[in-house]
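If you're matching them up, the sequences are chains A and B in order.
Under the UniProt record's numbering, the first sequence has 188 at position 188, and the numbering climbs by one with no breaks.
Under the UniProt record's numbering, the second sequence has 502 at position 502, and the numbering climbs by one with no breaks.
No wet-lab data here; the hints were simulated from the structure.
Take these hints with a grain of salt, some might be off.
If several chains are the same, the list does not tell them apart, and a pair holds so long as it fits within one copy or across any two.
Unchecked claim - Only pairs whose alpha carbons sit at most 25 Å apart, straight line, appear in this in silico DMTMM-like list of lysine to aspartate or glutamate: (1) LYS80 <-> GLU529; (2) LYS182 <-> ASP541; (3) LYS80 <-> ASP541; (4) LYS182 <-> ASP23; (5) LYS502 <-> ASP349; (6) LYS182 <-> ASP441; (7) LYS182 <-> GLU12.
It should be emphasised that the depicted structure is a prediction, and the values quoted were computed from it without experimental measurement.
Number of protein chains: 2
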Amino acid sequence: MATVCLSGGLVEKLHACASAGFDGVEIMDADLVAAYESPEEIRTLCERLGLSIDMYQPFRDVEGVDEDTFADNLRRAEAKFDVMERLGTDLILLCSNAGTATIDDDDLAADQLGRLADLAAQRGIRIAYEALAWGRFVDDYRHAWRIVQRADRPNLGVCLDSFHILSRGHDPAAIEEIPGEKIFFLQLADAPALDMDVLQWSRHHRLFPGEGDFDLTGFLGHVLRAGYAGPLSLEVFNDTFRQTAVFRTAAHARRSLTWLADRTALAERRDAGRLLDAQHAHGVDFVEISGDDLHDLDQLLDQLGFAFRGRHRSKPVRLWTAGGARIILNEQLRLESPRLTGFGLTVDDAAQASRRAGSLGADPVYRRTYRDEVELRAVASPDGTEVYWNDDDPETGWVSEFEGGTAVAAFTGDIDHINLSWAWQDFDEAVLFMRSVVALDAEPVAEVPGPRGLVRSQVMRSPDRVVRLPMNLAPPTAPVPHRHIAVRVEDAVAVARAAHAKGLGFLPVPHNYYDDLQARFALDADLFETLQSLDLLYDRDAGGEFIHFYTPTHGGVFLEIVERRGGYDGYGAPNAPVRLSAQRQVSTWTDAHGSGTPAERT
Amino acid sequence: MATVCLSGGLVEKLHACASAGFDGVEIMDADLVAAYESPEEIRTLCERLGLSIDMYQPFRDVEGVDEDTFADNLRRAEAKFDVMERLGTDLILLCSNAGTATIDDDDLAADQLGRLADLAAQRGIRIAYEALAWGRFVDDYRHAWRIVQRADRPNLGVCLDSFHILSRGHDPAAIEEIPGEKIFFLQLADAPALDMDVLQWSRHHRLFPGEGDFDLTGFLGHVLRAGYAGPLSLEVFNDTFRQTAVFRTAAHARRSLTWLADRTALAERRDAGRLLDAQHAHGVDFVEISGDDLHDLDQLLDQLGFAFRGRHRSKPVRLWTAGGARIILNEQLRLESPRLTGFGLTVDDAAQASRRAGSLGADPVYRRTYRDEVELRAVASPDGTEVYWNDDDPETGWVSEFEGGTAVAAFTGDIDHINLSWAWQDFDEAVLFMRSVVALDAEPVAEVPGPRGLVRSQVMRSPDRVVRLPMNLAPPTAPVPHRHIAVRVEDAVAVARAAHAKGLGFLPVPHNYYDDLQARFALDADLFETLQSLDLLYDRDAGGEFIHFYTPTHGGVFLEIVERRGGYDGYGAPNAPVRLSAQRQVSTWTDAHGSGTPAERT
């Protein structure tokens with residue numbers, strides 16, 4: 001782990017790395033310079049914590065310069081070698097010159113690197129030369145390797161950094177042409193696919209493996225096939241991690257490495273680093289809403305046409321179902337207002353899913369279980385939202401613990417998707433959690449305009465697309481968006497009519513929306529009239545049609561009823577701005593005037 | 001003003017525009033679609049508020065398509081023309097096709113635009129065609145103008161948007177070749193110089209004129225010379241503005257337009273739009289720290305060697321001076337902890353500076369003044385920090401209201417710079433405020449790594465470089481950094497020695513910092529020993545040397561003593577990470593253990 005990934009002072013960073021299970025660190029020069037502890041104290045602390053100091057980094061701007069400048073560079077290097085001796089580490093990272101290089105000549109660069117390496121050799125120090133993506137003359141790892149070959153010193157090798165290579169689109173296959181023992185160090189970072197200045201991209205937007213768009217499994221495969229046997233280290237600069245609690249970021253980083261090692265071992269058919277096989281979810285078992293008092297949600301579910309399936313025989317928990325859609329209302333937690341606090345997935349082997357999660361450092365969830373009750377295995381996601389696994393038929397299993405209700409709902413439904421919003425500091429970690437622990441795939445990121453700024457939307461889904469989790473992130477200074485449960489039905493119009501008849505007020509849709517809808521789609525008059533009269537939203541894509549509506553919000557949660565006609569595969573994203581704006585206006589009016597929807601006011 | 005610039009619902013946006021003094025708006029289609037009010041209601045509201053609806057926008061993806069698609073596009077257009085009639089506006093923005101265009105043929109594009117224009121002409125509607133920077137085939141305003149010429153319809157012209165033109169680096173001089181009456185609309189936006197995907201740049205990082213790096217004065221000059229006589233409108237998408245109170249953003253936007261009109265009129269030697277001449281500051285009159293109880297700061301200033309100049313004869317305010325450095329301690333405000341709340345500047349004509357500020361919508365500051373007391377003119381900056389102007393000699397003017405002290409300080413100093421940090425929602429507005437109302441220039445933006453993420457630093461300074469305000473912005477989720485006053489002295493070592501002798505503890509500097517300093521600069525042994533023994537920081541650039549140190553922090557403010565040797569022109573930025581890290585560690589230790597610096601603990 002590179003200490004530069006973490007927030008805070010060097011001592012706390014080292015404690016966090018050890019606590020997360022890392023066995024080595026790269027110490028950033030600037031972290032040591034800002035520390036009150038001497039290099040000897042840091043060395044002793046690392047020894048006690050069981051952390052090897054695998055590298056000191058970075059040393060910059062050495063090669064491609066005139067002789068006077070180079071002489072001063074050797075003097076600078078000597079001073080850093082002194083520090084390294086005090087730290088007890090023998091490897092230094094040398095970045096390709098991005099600042100002072102004036103002479104574009106590989107022979108000169110090789111000569112100067114060779115002389116630096118000879119100076120280092122007197123101290124038993126090795127140098128790992130890295131091509132920065134924004135190096136002045138050397139910005140490609142293949143170029144760095146050519147210079148290292150030309151210098152030809154035993155204590156001079158290369159450092160490979162996935163960001164510097166993949167951000168530039170350089171083919172990593174040529175890594176296999178480098179002898180493994182000349183790859184002195186490996187740094188791993190993921191990143192979102194962004195088209196921007198590579199230095200800014202690197203400084204602000206690196207991610208831990210599994211959170212971005214880089215093919216790190218393939219990348220690491222090339223490095224392993226080259227014969228590299230050194231540490232896998234993470235070097236990730238990111239505005240969020242810099243502000244997140246250091247122990248938490250370290251644990252999050254550790255999970256990312258474990259996940260990547262497993263993926264790579266699987267792809268390379270190796271045993272080392274393998275976890276148990278991932279358990280891919282093939283359905284949503286239930287969704288759980290928690291709160292002090294969930295009577296409003298009982299009423300809402302009843303009005304929608306869900307069946308009250310009963311009370312749990314030993315806990316203050318109720319179950320509502322409609323076909324395969326099961327919603328649990330849990331009044332055990334003392335929450336100020338209702339929240340979507342968990343969901344269950346059906347898998348082939350829940351015990352194995354749970355053991356695999358443990359290997360990935362996921363926190364198990366404890367739930368009191370009585371005799372004869374089904375014990376569901378669960379883990380907590382980054383903000384505490386619980387994920388359960390079940391490999392039994394729920395209808396004959398845990399559902400039978402609920403008593404006194406009926407299974408007869410007004411319609412047959414399924415959970416279409418679960419919309420999970422996250423606070424800014426949880427989002428990237430949640431992507432990794434869902435990818436690694438929950439074994440979902442990430443779709444490309446989209447952005448949706450809302451009244452408080454653009455909302456980033458990242459859909460996670462199971463390989464068979466049955467389980468879908470659209471995950472939303474608002475700007476860090478905006479409130480965390482609400483979460484919602486989308487229930488797929490055969491006939492959304494019928495469900496809407498019946499719910500209206502039972503007195504449910506939907507989120508009111510502006511008339512202007514229907515004018516625009518007609519402009520966009522030229523709907524037939526009957527459908528148009530039906531949509532407008534029932535406050536229904538509509539979308540269409542090449543595959544089919546989408547009809548949906550939203551219930552009012554209770555606390556931090558609401559429901560959506562959706563109907564997919566044909567092969568429509570989206571989530572009604574074009575309607576999201578209208579939905580977000582309507583929710584904001586309704587909440588403003590409700591705050592100002594007590595209850596009363598705009599429909600009632602106008 | 002484009003309604004898309006503002007947060008919230010359409011009705012509140014319109015009220016905010018009117019309140020800020022705009023006389024017209026461009027209504028964004030999506031804002032209307034999400035509104036519960038009918039187009040007729042919006043039209044009536046605009047009439048009452050005195051806002052003309054200058055344009056409806058945008059209509060997209062019309063030209064360069066096959067005939068079937070185009071027929072549907074005409075149908076879509078008819079529906080929007082209906083809305084425009086209900087709104088009572090006759091101009092629609094048409095963006096160059098970025099989505100559905102498949103045929104790259106100017107004749108076809110001109111033909112289709114012509115047919116759309118003919119349809120619009122039946123309703124008396126005009127079309128302003130705009131080249132989006134990311135248009136599929138048309139991404140240059142000169143190309144859009146060629147197509148408009150080819151279509152040759154009286155109700156078809158171009159819309160020019162400074163962002164789409166300047167972001168692509170297109171030369172705006174050719175605007176003068178377009179007849180003014182064919183420029184149907186003008187949209188203005190500034191932006192920071194960023195090397196990134198232009199669509200993302202546009203969506204997230206546009207700024208109001210005066211806050212970014214575009215030459216909008218030059219741009220607007222070309223447009224005016226072309227003979228354009230229509231509205232100057234702002235279209236600015238920005239994550240911050242989307243989350244800021246709508247009335248405030250509108251006022252901020254209005255100031256930006258006033259400033260730009262003045263600059264352009266000045267450059268073009270026109271009278272229309274001119275403000276009074278800017279009053280350039282030629283010195284810092286004073287800096288003011290406010291708080292409930294400022295005894296700690298009295299002690300600090302005494303230990304540093306400032307002279308206690310006396311108490312104000314009618315207010316609970318004290319003055320400390322050292323040469324031209326005047327620091328006011330003001331206990332009138334009820335603040336939880338000390339803060340840097342204002343500063344004064346010396347100008348040629350304070351009354352004119354104040355009148356000009358009024359024209360720019362700056363809020364005047366009221367301060368109670370008694371008979372025979374000097375009335376200083378002041379305005380409030382975005383977060384309430386007060387800026388004063390004085391055109392008298394302070395020593396014979398307001399300073400004489402302080403009684404009972406002495407002018408004899410231990411050293412002669414001047415205010416070197418005032419470091420002003422801002423909360424994320426105030427930063428861009430503060431840049432515009434300092435540029436327009438305070439008439440300072442903006443230097444290029446830099447980034448400084450701190451323990452809680454990168455700090456953005458933007459130096460504002462007077463043309464003669466005497467007044468310097470480095471302004472800092474931390475990531476929005478990090479705490480707002482402290483502010484500080486830097487006092488320039490002849491001999492920082494002597495000031496440090498004397499302050500040490502009087503018992504002042506400086507911010508302690510890690511020993512590792514000095515090892516690194518020696519590695520970087522190979523200082524002579526005496527200087528090195530002096531720096532290390534006195535906890536002094538050091539920097540060097542091509543022009544000279546910089547020696548400085550920081551006092552402990554009181555509330556949200558601390559002092560820095562600086563000495564500039566030779567032509568050193570920076571602020572010791574390489575030392576900022578060490579300073580930020582040391583301040584964080586000291587505050588952690590102080591929080592945990594009461595007082596006691598690390599130096600005392602180790």
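Going through the hints against the structure:
For a Cα distance limit of 25 Å, the shortest separation of LYS80 from GLU529 across copies, 19 Å, qualifies, whereas the shortest one inside one copy, 76 Å, does not. With identical chains, the CA atoms of LYS182 and ASP541 are never at most 25 Å apart, being 53 Å at best within one copy and 38 Å at best between copies. Taking identical chains as interchangeable, the C-alpha atoms of LYS80 and ASP541 lie at most 25 Å apart only when they sit on different chains, with a minimum of 21 Å there against 61 Å within one chain. Taking the shortest Cα distances, LYS182 and ASP23 sit within 25 Å of each other inside one copy (22 Å), while across copies they are farther apart (69 Å).
Taking CA atoms no more than 25 Å apart as the test, LYS502 paired with ASP349 passes in neither setting, with 41 Å inside one copy and 73 Å between copies. In this assembly of identical chains, the alpha carbons of LYS182 and ASP441 never lie at most 25 Å apart, being 35 Å within a copy and 51 Å across copies at closest. In this homomeric assembly, LYS182 and GLU12 never come within 25 Å of each other (Cα to Cα): the closest approach is 33 Å inside a single copy and 65 Å across copies.
Consistency note: the structure conflicts with the earlier hints numbered 2, 5, 6, 7.
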